[in-house]
Amino acid sequence: MKYFTILPSADLARYVRFFWVLEHNLADSEPYFHRTMADGCAEMVFHFKGRFDEILKTDQSELSFLSGIQGPMQSFRRFRIDEDFGILGVYLYPFAIPALFGIPTTELRNQMPDLNTFLGNAGTELEERVMLAADHSERIHIISEFLRKRIHSHEVHEPAVFSVISSVIRSNGLAKIPDLAAQSFLSTRQFERKFLAFSGFTPKLFSRIIRFHSALNEYGNKEKSLTEIAYECGYYDQSHFIHDFKAFSGEHPKTYFSGNAEGMGYRDA
Numbered sequence: 001m002k003y004f005t006i007l008p009s010a011d012l013a014r015y016v017r018f019f020w021v022l023e024h025n026l027a028d029s030e031p032y033f034h035r036t037m038a039d040g041c042a043e044m045v046f047h048f049k050g051r052f053d054e055i056l057k058t059d060q061s062e063l064s065f066l067s068g069i070q071g072p073m074q075s076f077r078r079f080r081i082d083e084d085f086g087i088l089g090v091y092l093y094p095f096a097i098p099a100l101f102g103i104p105t106t107e108l109r110n111q112m113p114d115l116n117t118f119l120g121n122a123g124t125e126l127e128e129r130v131m132l133a134a135d136h137s138e139r140i141h142i143i144s145e146f147l148r149k150r151i152h153s154h155e156v157h158e159p160a161v162f163s164v165i166s167s168v169i170r171s172n173g174l175a176k177i178p179d180l181a182a183q184s185f186l187s188t189r190q191f192e193r194k195f196l197a198f199s200g201f202t203p204k205l206f207s208r209i210i211r212f213h214s215a216l217n218e219y220g221n222k223e224k225s226l227t228e229i230a231y232e233c234g235y236y237d238q239s240h241f242i243h244d245f246k247a248f249s250g251e252h253p254k255t256y257f258s259g260n261a262e263g264m265g266y267r268d269a
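In UniProt numbering, the protein residues as written are 1 to 269.
If a hint is listed, it holds; no wrong ones were tucked in.
Calculated pairs, SDA-like style, for lysine to any residue (alpha carbon to alpha carbon, straight line, at most 25 Å): (1) Lys-2 / Gly-89; (2) Lys-246 / Glu-54; (3) Lys-246 / Glu-228; (4) Lys-57 / Phe-118; (5) Lys-224 / Gly-265; (6) Lys-246 / Asn-172; (7) Lys-49 / Glu-83; (8) Lys-57 / Pro-31; (9) Lys-49 / Glu-128.
These are calculated hints, taken from the structure and not from any lab test. Computed from a prediction, not measured in an experiment: that's the story for all the values here.
Working from the sequences, and respecting the hints, build out all of it.
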């Protein structure tokens, strides 16, 4: 299995956190299961090789998209594939949604539409060009040019709110919301309304999800106990940590940090 990230060009870094690539050749007949976690950020996803089935909560499955966009999510989703695969993702700040696509981030919250449904002919054309590209460099170039054109067409100027959301991400969800609201020079009601529109979630829920991701990033750190990880990531006690972790990932943190959790093989790549 191969997983790596690529930083965007400087002019896109305001909206794109990074590009990522995950590739895997199935060595035997065993299927591969992938799990996406709750996430305060959004991403564009292109399956340039192979195609997953999504496992629904009813244990039935349906064919996933070849390319699409995933909005900020507050729960996990599960996928399965029985063939070699390759995926390229564009990991976006949540406020990239209105800047790139001209809609509030809330409209994509907990949604995962395919690009054709979301963007029409422009989405179909982008999918075709990415699928036909010769390599990752060409794919990223095609997507980057597409994003630049979208920014010029839809860019929204809300620096105060963008800065607040970025501050929550940089602080791993530990920033104090009242302080950030005061920093934005907005009334509490205005702040919460704009934060919701541009992040997809209330400040409290967004911070919880970002804090959860700070815990995820401790994967592989054998020097810390679960209790130490919980406290360092801002949880009041271990039961609070376990509750949020299970709600946002579907796994107990002990399972995740053991290295045996479903779909986490890329963390060891």
